[in-house]
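With these hints in hand, go ahead and build the complete structure from the sequences.
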Amino acid sequence: MIDRPIGYQATPDPVAIAELDPEQWLHMYEQMSKIRAFEEAANELYTSARMPGLTHLYIGEEAVAVGVCEALRQDDYITSTHRGHGHCLAKGATLDRMFAELLGKAAGYCRGKGGSMHIADQDTGNLGANAIVGGSAGIATGAALSIKMRGSDQVAVCFFGDGALGQGLFYESANMAQLWKLPVIYVCENNQYNEYTHNSETAAGTLTGRAEAFGIHTVSVDGQDVRAVYSVMSELVARARRGEGPAFLLCHTYRFHGHHVGDIDRSYYRSKEEEQWWREGRDPLKLLAGWLQEQGMEAAIFARIDEAVRREVEAAVQFALDAPYPDASEVDRHVYA
Amino acid sequence: MIDRPIGYQATPDPVAIAELDPEQWLHMYEQMSKIRAFEEAANELYTSARMPGLTHLYIGEEAVAVGVCEALRQDDYITSTHRGHGHCLAKGATLDRMFAELLGKAAGYCRGKGGSMHIADQDTGNLGANAIVGGSAGIATGAALSIKMRGSDQVAVCFFGDGALGQGLFYESANMAQLWKLPVIYVCENNQYNEYTHNSETAAGTLTGRAEAFGIHTVSVDGQDVRAVYSVMSELVARARRGEGPAFLLCHTYRFHGHHVGDIDRSYYRSKEEEQWWREGRDPLKLLAGWLQEQGMEAAIFARIDEAVRREVEAAVQFALDAPYPDASEVDRHVYA
Amino acid sequence: MSMREPQFSLAVKNPGVREITFAEAVREAIAEEMRRDPRVFVIGEDVAEAGTVFKVLKGMVDEFGPQRIIDSPISEAGIAGIGVGAAMTGMRPIVDIMFGDFITLTMDQMVNQAAKTHYMSGGKLKVPMVLRTTMGATRRSAAQHSQSLHAWLSHVPGLKVVIPSTPYDAKGLMKAAIRDENPVAIFEDKMSYQLKGPVPTTEYVLPIGVADVKRTGEDVTIVATSSMVQVALKAAEILAESGISAEVVDPRSTAPLDKQTLIESAKKTSRAIVVDEGYQSYGVTAEIAAVIADGAFYYLDAPVKRLGAMDVPIPFSPPLEDLTVPTPAALVDLAKSLCGKV
Amino acid sequence: MSMREPQFSLAVKNPGVREITFAEAVREAIAEEMRRDPRVFVIGEDVAEAGTVFKVLKGMVDEFGPQRIIDSPISEAGIAGIGVGAAMTGMRPIVDIMFGDFITLTMDQMVNQAAKTHYMSGGKLKVPMVLRTTMGATRRSAAQHSQSLHAWLSHVPGLKVVIPSTPYDAKGLMKAAIRDENPVAIFEDKMSYQLKGPVPTTEYVLPIGVADVKRTGEDVTIVATSSMVQVALKAAEILAESGISAEVVDPRSTAPLDKQTLIESAKKTSRAIVVDEGYQSYGVTAEIAAVIADGAFYYLDAPVKRLGAMDVPIPFSPPLEDLTVPTPAALVDLAKSLCGKV
Ligand SMILES: Cc1ncc(C[n+]2csc(CCOP(=O)(O)OP(=O)(O)O)c2C)c(N)n1
Ligand SMILES: Cc1ncc(C[n+]2csc(CCOP(=O)(O)OP(=O)(O)O)c2C)c(N)n1
Ligand SMILES: [Mg+2]
Ligand SMILES: [Mg+2]
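Protein chains in written order, with numbering that gives the first Met the number 0: chain A, 0 to 336; chain B, 0 to 336; chain C, 0 to 341; chain D, 0 to 341.
Think of the hints as simulated: they come from the structure by calculation, not from any bench.
Among these hints, one or two may not hold up.
Reference listing, derived: stretches of chain D covered by chain B, where coverage requires no fewer than 3 residues with Cβ under 8 Å from a Cβ of chain B [unchecked claim]:
1) 75-89
2) 113-124
Using 30 Å as the maximum straight-line C-alpha spacing, the simulated DSSO-like pairs for lysine-lysine come out as follows [unchecked claim]:
3) Lys213/D / Lys180/B
4) Lys180/B / Lys233/D
5) Lys125/D / Lys180/B
6) Lys174/C / Lys195/C
7) Lys267/D / Lys335/C
8) Lys335/C / Lys147/A
9) Lys335/D / Lys258/C
10) Lys213/D / Lys266/D
11) Lys340/C / Lys266/C
12) Lys267/C / Lys266/D
13) Lys266/C / Lys340/D
14) Lys340/C / Lys266/D
15) Lys258/D / Lys340/C
16) Lys125/D / Lys267/C
17) Lys54/C / Lys271/B
18) Lys54/D / Lys180/B
19) Lys258/D / Lys335/C
For each residue, glycine too, the CB sits at the ideal point set by N, CA and C.
In structure tokens, the structure reads:
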């Protein structure tokens, strides 16, 4: 049987949506398109053996990062994951420095020292991707505590996968977030898989129950629908800014590609049909473009955006390929501040 | 305001209770009396400076250990806590070897090497007290996995305090217990305090919600009423033996003394009135004795039991005081098996 | 104290210096820094009204309130993680881990997060946090409440590790740790909390990474950490009676380690013993001994000797527990045999 | 392979011996033990159908079923704890921790529980479990997926720590670890999985705690662990060209450590270098260097030298990462200067 998104959220509040002008939806489309193109280029860099190591593609999940980050300010914080390129771009990072990081070049966001799984960008509030599954639950919660202590109205967003709910740290952090009413929003990207294992084999009970246990406000949303994600997230952010405490947003989504770029034969853990169902029926870019066309937008605009984005990506890749590696003297710099 | 036990369980199923003959209730009284007398003697050993280190008294919580362990077989497993004397005795340990352990003597259950916080007794299925709060959630769950793999019909019981729900390990373990339908029963002894802090300051949401999140069968019970604990626990044990998976039993209880024997001035974290309310109104020994008298049992019998127990305890203390310390050569034995 | 009794305290001899306990020194350091810098806060189990189980922070919540002296749930990993996140975003958390044995639970946050963030971000993010915890045995607390696990964190690049031995060092180094831009772990010996020593009334901060010669000597260098400094000083007194002059050097921090001072002392005396309360194997004594054996090789008249805790889980039984820790007597024996005076 | 091609494999030269990879050796060991002993099982993330991310256990679930090759949630602490409990009650779990960096999450269960249970229970309870994990850098996996943290567990009494370097050792020591009555941690080098070497077809088990001289020599002893054995062997070849005869000794386990063999070798050659892929400071090189510097003191012509990983979080950028690990070239330079041949 083909999986269907569970917890599908009805179309978001039309009033909230009406307030956005079409340009803003187009901007979100562009952001999603940029992530898609970035990831395709990353995949290509890997398969052509021009990228060191492995990387985890976000393709298929773009609406989550974009819907969430569009509801944030630049000075709001996010923590990200091993599958973090989408979060990073959605929060405002630039393509060239990201590619440079993926290639280990000095021009990268982390001077090439972090790589794909550790991109951080202080300027856009990105406290860093984390290669420890669930490892940033405490960090995001701590950022929220810091916000509260400093009397700021920022919020902190913790992105993590469904698999990260296997880690005890989440529960320790969520408990404190609720006790102290911290402005942190836990965004669970439920793409159903923990590497090569479906979460029906790794998660008992319900995913939302794990936050509800602590009395945390919890919402589920169709993570393929950027309008739904954006709309719900905007409410949760407003709530957090008002001092009403943490929230848990469960986004039902799907990764269209393998767990990482090297995960090609996936038949032992999921079927081609299942993948196809999602790619064809639940592609977040197609869904948004389709809806905007229903609202009267001309079809050609999306192709134009895609094309412009592709050129940007190409230039950024070239920049990264041409960029120098860090000097050998960098190796023991930044161990201590 | 004086705290009252929340989640009070209605009088347990009279049918189940009717099946127990009065001798069995008397036996439970005797077990509770033994724990009480043991702990009073331990306190006395401490205050008279004849016991090394500190120890955590179980006084006030006797109905939990006894109600739970009476529903178990000798070959069922328990894991215990820093407040573990009650569990250990209720599971069948003898007074003399326990006192010997508390005094660090070679005749102790662990040859004096474990001490109060680490008493283990393989013969009665006690896998050991644990001085890491929440540290045994995995061990009990692993014992249950072992039971299931070996095809046995034992059960494993994990005792822990309300404070232990702060530890992520519990959630990791509970998830797997439910996924794999393991015969483990998590017994949460909610005495309201984590050392010197009330759990209203450390626990958000509900305590039962933390197990329900994983779909675990959850029951709350008045932990001062040994009949209620025994009755509910018997059902949970039967359920686990039938292969129906884990359960979570929340026992509302109270420690009548300090967090440990040295915790004398408690006024900064709880009132004398609160303590008195529990001691006078919710003493598990008085409650059982009162009910048995209502059933027609003569009052003198309880005094006779208490007196016999006291003599046993005195003899056991003397045994322990007279027993030799382990030989110096023991110090590096048992590092490796 | 009666007015007639002679007053031997340093406070009288040196104006501006009083004798206070190690615990008081720690409290003073944290309180002063909290007054100075609103970003500093404490989070831990029973740190507020209870003032920690060792009562080191007693009374601080009255001055700073429960918003800055924060009682947490029993969630060591969680509070370490919260510390990292707060430090990355402008605060200066002091995460209080009651017993050093519980740092096991914080290792991922300390090692994979706190220690690496600055480097992995190419120098952009910083984690100026303090992990405050304890070490030391002989409190009859058994195997899970008695360990000295500072070697682990010393092994991890990106972390600093401080192990003060006196009230003076405890105060000056705690203040330095709080002001440091990096994650710093401080291990306080539980048995030292009541140790008294002179501490100036005026403000001072000690640099992290500078060893202190606690006693000068000519015949043998004893490198001692934390409570082992007192053990070494006692041993040195006894050794003096046998005509052996021992120099006692306290590294004060294991990371960074002031190799130069240790090596110079060993070169001078031509003999060295390293004493530390962590398990001996793969512990702090190994690194320090290896550093000295290498750096002072051509000056040494005898092998560098090590005295750590016995490689056994720490037993509860008092007579056994006492066998596991380095003592002045054991140190004296070792020094005598090293100096050819047995 | 065509029938006409010459067959150089050891399998032909020595009947009963074939060349298999390190990964195959590990798989064979576990499979054999699982056939022999129904109490043995594996638990870990993606160990079943995926056969681990390194494919080491590929296919095993087909033979043993998902009840004995158990896919777990991403819960390192939880599965370590479950391993301890299962081991205490009659099973022989192999807990699979994908990357050695994640043992941070299991430290409480390994150190405060597994390691201490036997001792704390006065010898009554036992924890015969295996913690199987990885080590080693240069896979471009960055700071949280490249560490070699075996020094930590080696520091803890009650644990055994095995670090095999060849397919032969990997198989024989894995079997020993599974049969051991104690908790044993095995660190497998990720870059070694494809290393081929001769392995007998017949059953064998190697003792834990016995070093192996991988190459005999006269001028300098190189103590090398895990993948550093190959680095040392390469260095030895190059050194031979300069007339320096290096002996390569592989401890094979850090706890227990076969001190005698290491010291004897150093006494013979009068020079020693210790190379290991963990961070250098407070790492495995420290203990081994300290042991040799002490035990062979009167035989040594030069200080014992250490070569560990650079004390930095492991960088992603390939040219930087390559600088952090010991290489044959660095080892050759060190050995030459030690032997006075620069
Ligand atoms: C603590 C830890 N355990 C295991 C891994 C290996 N690992 C990397 S990604 C992954 C699966 C994560 O699943 P999920 O959280 O659902 O994120 P997704 O990959 O689906 O986005 C695992 C097990 C890790 N990086 N960290
Ligand atoms: C991991 C860990 N953190 C902290 C402690 C210190 N400690 C000992 S008992 C205790 C409170 C435990 O509260 P609870 O679990 O409710 O048990 P209770 O003492 O009430 O029976 C604490 C914090 C510990 N032993 N282990
Ligand atoms: Mg997932
Ligand atoms: Mg409690």
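**OP:** State whether the coverage of the region 75-89 of chain D by chain B holds or is violated, taking the criterion as 3 or more residues with Cβ-Cβ distances under 8 Å.
**Re:** holds (count 14)
(Q) Please verify whether Lys54/D and Lys180/B have alpha carbons no more than 30 Å apart. (A) The given pair, whose Cα atoms are some 28 Å apart, holds under the 30 Å limit.
Taking only the CA atoms, is the gap from Lys267/D to Lys335/C under or equal to 30 Å?
holds, 29 Å
Given pair status - Lys335/C, Lys258/D, alpha carbons within 30 Å:
holds, 25 Å
Within a Cα-Cα threshold of 30 Å, do Lys267/C and Lys266/D meet the stated pairing?
Judged against 30 Å, a Cα distance of about 26 Å means the pair holds.
- Query: Is it true that the CA of Lys258/D sits at most 30 Å from the CA of Lys340/C?
  - Reply: It holds: about 27 Å lies between the C-alpha atoms, which stays within 30 Å.
Worksheet item: Is the hinted pair Lys266/C and Lys340/D satisfied, with a Cα-Cα distance of at most 30 Å?
Response: holds, 26 Å
**Asked** Within a Cα-Cα threshold of 30 Å, do Lys340/C and Lys266/D meet the stated pairing?
**Response** Status holds; Cα separation ~26 Å.
query = Lys54/C and Lys271/B: Cα distance at most 30 Å?
reply = Given pair Lys54/C, Lys271/B holds - Cα atoms ~22 Å apart, limit 30 Å.
query = Do the alpha carbons of Lys125/D and Lys267/C lie within 30 Å of each other, as the hint requires?
reply = This hinted pair is violated, its Cα atoms lying about 49 Å apart.
query: Residue count check for the region 113-124 of chain D against chain B: does it reach three with CB-CB under 8 Å?
result: holds (count 9)
Q. Within 30 Å, alpha carbon to alpha carbon, are Lys340/C and Lys266/C?
A. Holds: Lys340/C and Lys266/C sit about 20 Å apart, inside 30 Å.
Violated hints, listed in ascending order, are 3, 4, 8 and 16; each of the other numbered hints is respected by the structure.
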